[in-house]
Amino acid sequence: MNKSGAVKSYSLLLTLLFVVLIAACVLSVCVGAVKISASELWSIITNRIGVSSHSGFTPQQEAVLLNIRLPRVLLGVLVGSTLAIAGASLQGLFRNPLAEPGLIGISSGASLFAVMMIVLEHRFFSFMTSAFGYHALAIAAFIGACTTTFFVYRLAVGNGKADITTLLLAGIAINALAGSFTGLLTYMSTDEQLRNITFWTLGSLGGASWKTVTGILPFVLISLVTLPFFSKSLNALALGESQAGHMGINVGLLKKLAIVMATLGVGASVAVSGMIGFVGLVIPHILRMAFSADHRLVVPGAALLGATVLVLADVIARTIFAPAELPIGILTAIIGSPVFIYIILAERRRRGIGR
Amino acid sequence: MIEVNNIHYSAGSAKLIDGISFNVQPGELLAIIGANGAGKSTLLKLLCREIQASTGSISIRDQPIGAYKLENLAKFRSVLAQSNTLSISFKVHELVMMGRYPHFDNQPKDNDIRIVKAVMDETGISEFANRDYNTLSGGEQQRVQLARVIAQIYDQPQGLLFLDEPTNGLDLLYQQQILVLARSLANRGYCVVSILHDINFASRYADNILILKKGKRIAFGRPREVITQENIYQAFNIQVRLLNDDAFNCPLVIPAMMVSEQV
Numbered sequence: 008m009n010k011s012g013a014v015k016s017y018s019l020l021l022t023l024l025f026v027v028l029i030a031a032c033v034l035s036v037c038v039g040a041v042k043i044s045a046s047e048l049w050s051i052i053t054n055r056i057g058v059s060s061h062s063g064f065t066p067q068q069e070a071v072l073l074n075i076r077l078p079r080v081l082l083g084v085l086v087g088s089t090l091a092i093a094g095a096s097l098q099g100l101f102r103n104p105l106a107e108p109g110l111i112g113i114s115s116g117a118s119l120f121a122v123m124m125i126v127l128e129h130r131f132f133s134f135m136t137s138a139f140g141y142h143a144l145a146i147a148a149f150i151g152a153c154t155t156t157f158f159v160y161r162l163a164v165g166n167g168k169a170d171i172t173t174l175l176l177a178g179i180a181i182n183a184l185a186g187s188f189t190g191l192l193t194y195m196s197t198d199e200q201l202r203n204i205t206f207w208t209l210g211s212l213g214g215a216s217w218k219t220v221t222g223i224l225p226f227v228l229i230s231l232v233t234l235p236f237f238s239k240s241l242n243a244l245a246l247g248e249s250q251a252g253h254m255g256i257n258v259g260l261l262k263k264l265a266i267v268m269a270t271l272g273v274g275a276s277v278a279v280s281g282m283i284g285f286v287g288l289v290i291p292h293i294l295r296m297a298f299s300a301d302h303r304l305v306v307p308g309a310a311l312l313g314a315t316v317l318v319l320a321d322v323i324a325r326t327i328f329a330p331a332e333l334p335i336g337i338l339t340a341i342i343g344s345p346v347f348i349y350i351i352l353a354e355r356r357r358r359g360i361g362r
Numbered sequence: 289m290i291e292v293n294n295i296h297y298s299a300g301s302a303k304l305i306d307g308i309s310f311n312v313q314p315g316e317l318l319a320i321i322g323a324n325g326a327g328k329s330t331l332l333k334l335l336c337r338e339i340q341a342s343t344g345s346i347s348i349r350d351q352p353i354g355a356y357k358l359e360n361l362a363k364f365r366s367v368l369a370q371s372n373t374l375s376i377s378f379k380v381h382e383l384v385m386m387g388r389y390p391h392f393d394n395q396p397k398d399n400d401i402r403i404v405k406a407v408m409d410e411t412g413i414s415e416f417a418n419r420d421y422n423t424l425s426g427g428e429q430q431r432v433q434l435a436r437v438i439a440q441i442y443d444q445p446q447g448l449l450f451l452d453e454p455t456n457g458l459d460l461l462y463q464q465q466i467l468v469l470a471r472s473l474a475n476r477g478y479c480v481v482s483i484l485h486d487i488n489f490a491s492r493y494a495d496n497i498l499i500l501k502k503g504k505r506i507a508f509g510r511p512r513e514v515i516t517q518e519n520i521y522q523a524f525n526i527q528v529r530l531l532n533d534d535a536f537n538c539p540l541v542i543p544a545m546m547v548s549e550q551v
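For the protein sequence lines, the chains are C and Y, in the order given.
Add 7 to a position in the first sequence, counting from 1, and you land on the number used in the numbering used here.
Add 288 to a position in the second sequence, counting from 1, and you land on the number used in the numbering used here.
Bear in mind the hints are in silico, worked out from the structure with no lab data behind them.
Treat each hint with caution, since some may be false.
If you anchor each label on the Cβ, the simulated ranges turn out as follows [as the list claims (entries may be wrong)]: (1) 19(C) with 425(Y): 54 to 60 Å; (2) 176(C) with 535(Y): 45 to 51 Å; (3) 370(Y) with 190(C): 54 to 60 Å; (4) 344(C) with 426(Y): 55 to 61 Å; (5) 34(C) with 412(Y): 48 to 54 Å.
Chain Y residues, not near chain C, derived (Cβ > 12 Å throughout) [said to hold, decoys possible]: (6) 369; (7) 382; (8) 388; (9) 428; (10) 450; (11) 460.
Covered stretches of chain C (in silico footprint by chain Y; criterion: 3 or more residues with CB under 8 Å from a CB of chain Y, positions within the stretch not fixed) [to be verified]: (12) 254-266; (13) 294-306.
For each residue, glycine too, the CB sits at the ideal point set by N, CA and C.
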């Protein structure tokens with residue numbers, strides 16, 4: 008057995024996942040109400056970068072591709088990869104296979120603030136709208152995500168150390184509290200506000216534009232670039248906190264950094280796309296089951312597979328009931344839950360429990 | 289190599305470690321024995337710098353342990369904790385490679401790969417190198433963990449190895465194998481500190497024995513000097529008989545009668 012071979016096979020696997028992601032993106036930009044064939048796509052691209060002047064496409068196709076499809080696919084890539092990479096990192100950090108970004112309050116905080124913005128905007132938050140315009144909702148959600156996560160983290164810190172069990176419990180408590188306030192606001196809302204709230208909580212990539220893509224890009228990039236660097240430490244953490252400490256890892260710093268990095272990206276993602284469940288939870292499990300539990304594969308691999316899955320889910324979401332659009336969060340839950348149940352059963356069989 | 293000078297450690301009002309001093313030289317195996325709650329694990333945690341002594345000093349290689357960076361300490365000092373559960377299942381060879389983590393940044397170097405292979409051969413776990421750790425038996429898991437901590441300091445002459453009850457829950461053969469391995473590491477120049485439950489194993493394999501009771505040092509020295517009826521009675525509150533056997537350089541300890549049985 009050759010261990011450098013294992014490392015080589017990781018890079019091969021990641022390359023393969025990358026190719027699949029590109030294929031999913033190409034499929035996604037071509038499919039929709041305005042169809043674009045592969046040759047037309049090629050022709051638009053070569054025309055734009057100026058290597059060819061032959062135009063085998065209609066101006067309408069070009070406009071749809073550049074203004075609608077491309078930002079939407081890119082948003083899918085950014086959101087999907089961030090949710091999954093954060094899920095993989097937090098599962099490693101919490102030493103718990105059920106961990107996902109929602110657990111430490113990111114999603115509930117974002118939705119509380121978003122709902123607050125929708126319901127109370129006219130009374131209290133008009134300054135937000137005048138300052139940030141269209142992006143006010145996203146910014147409020149982002150602030151909410153960071154605020155709740157900070158609260159959850161503060162609750163779990165004693166003597167400068169964050170206790171993971173307390174962190175999980177504090178997450179449950181704060182999630183419940185944020186959920187109850189969200190419920191209260193929902194109760195107060197008008198019919199139109201209720202529609203907005205529902206739409207936001209179900210999750211959608213419908214708000215995609217170049218503005219949203221460039222808006223979340225810096226936050227998402229921070230997550231995507233930094234989190235893979237924690238892979239080795241997360242492997243060591245699987246042995247236990249003190250064991251990781253004996254191997255020279257500053258566990259306290261690792262926890263703090265990983266949580267901040269995950270929150271930045273996920274907070275920004277949730278802010279523009281609402282709550283899209285199961286991507287952060289299921290994608291890392293699929294990689295672990297299919298290949299290896301090594302975080303050096305699972306963390307970057309989750310980003311690639313998460314992006315692929317969300318891009319493909321979005322193709323289905325916007326074509327299955329066309330011209331109507333299915334909220335993508337519903338779709339990821341419909342696909343994700345059975346997959347997750349299958350993973351649980353397979354894991355049980357593998358460990359020989361309950362035969 | 290290790291100098292411990294009059295250290296104290298309290299949790300609340302309970303004095304867990306109360307004025308303990310001892311030293312360990314390179315090439316020595318020190319066994320720490322004592323009843324439950326005697327402070328053995330606390331002492332080991334202090335030596336690992338997991339917790340800090342309130343007074344007194346601990347130095348390693350002539351430097352106070354507080355002066356080391358965590359990652360530098362990990363390069364020559366490894367620790368086998370008492371319980372080792374894996375939250376995510378790794379292959380055996382992946383786990384042993386984790387021992388080399390302090391020595392490489394992202395990808396293992398050839399030297400690391402060579403060491404992992406050598407350690408797996410030495411600890412007799414090569415045959416299940418590709419098995420899932422969580423599918424192994426307790427004894428096999430313990431040997432894998434031991435291989436991991438040895439791999440961490442394998443190329444460090446005069447490295448430090450701390451073991452917390454390494455034979456816990458193992459059958460006699462594995463207990464023997466692990467202590468023989470610890471002994472051979474000490475013979476190679478490592479400094480090995482191990483908490484042990486079995487007094488006879490301790491006196492058979494250790495150079496020095498430290499006996500603790502309620503955070504205090506009952507005795508410290510060569511097995512022949514410290515394994516006495518009186519010390520054992522003080523530390524464990526049991527009467528023992530000492531038997532001389534030609535094969536051992538110190539008497540064997542056999543429980544005679546419980547204190548309560550005498551009444």
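Chain Y over the stretch 254-266 of chain C, status - at least 3 residues with CB closer than 8 Å: holds (count 4)
Assertion that residue 382(Y) lies outside the chain C interface [Cβ separation over 12 Å]: 6 Å, violated
Exclusion check [residue 450(Y) not at the chain C interface, CB over 12 Å]: Nearest chain C Cβ is 8 Å from residue 450(Y), so the label is violated.
Pairwise beta carbon distance, residue 34(C) to residue 412(Y), judged against the given window 48 to 54 Å: 52 Å, holds
Hint check for residue 426(Y) and residue 344(C) - Cβ pair distance inside 55 to 61 Å: Violated - the Cβ-Cβ distance for residue 344(C) and residue 426(Y), about 36 Å, lies outside 55 to 61 Å.
Residue 370(Y) paired with residue 190(C), Cβ distance criterion 54 to 60 Å: Distance hint for residue 370(Y), residue 190(C) is violated at roughly 46 Å.
Within 8 Å of chain Y (C-beta), three or more residues of the stretch 294-306 of chain C: holds (count 5)
Nearest-CB test (12 Å) between chain C and residue 428(Y): 16 Å, holds
Consistency of beta-carbon spacing, residue 535(Y) to residue 176(C), with hint 45 to 51 Å: 56 Å, violated
12 Å cut-off, C-beta based - residue 369(Y) kept clear of every residue in chain C: 6 Å, violated
Range hint compliance [Cβ, residue 19(C) to residue 425(Y), 54 to 60 Å]: 34 Å, violated
Beyond 12 Å from every chain C Cβ - status for residue 460(Y): 27 Å, holds
When each numbered hint is compared with the structure, violations occur for hints 1, 2, 3, 4, 6, 7, 8 and 10.
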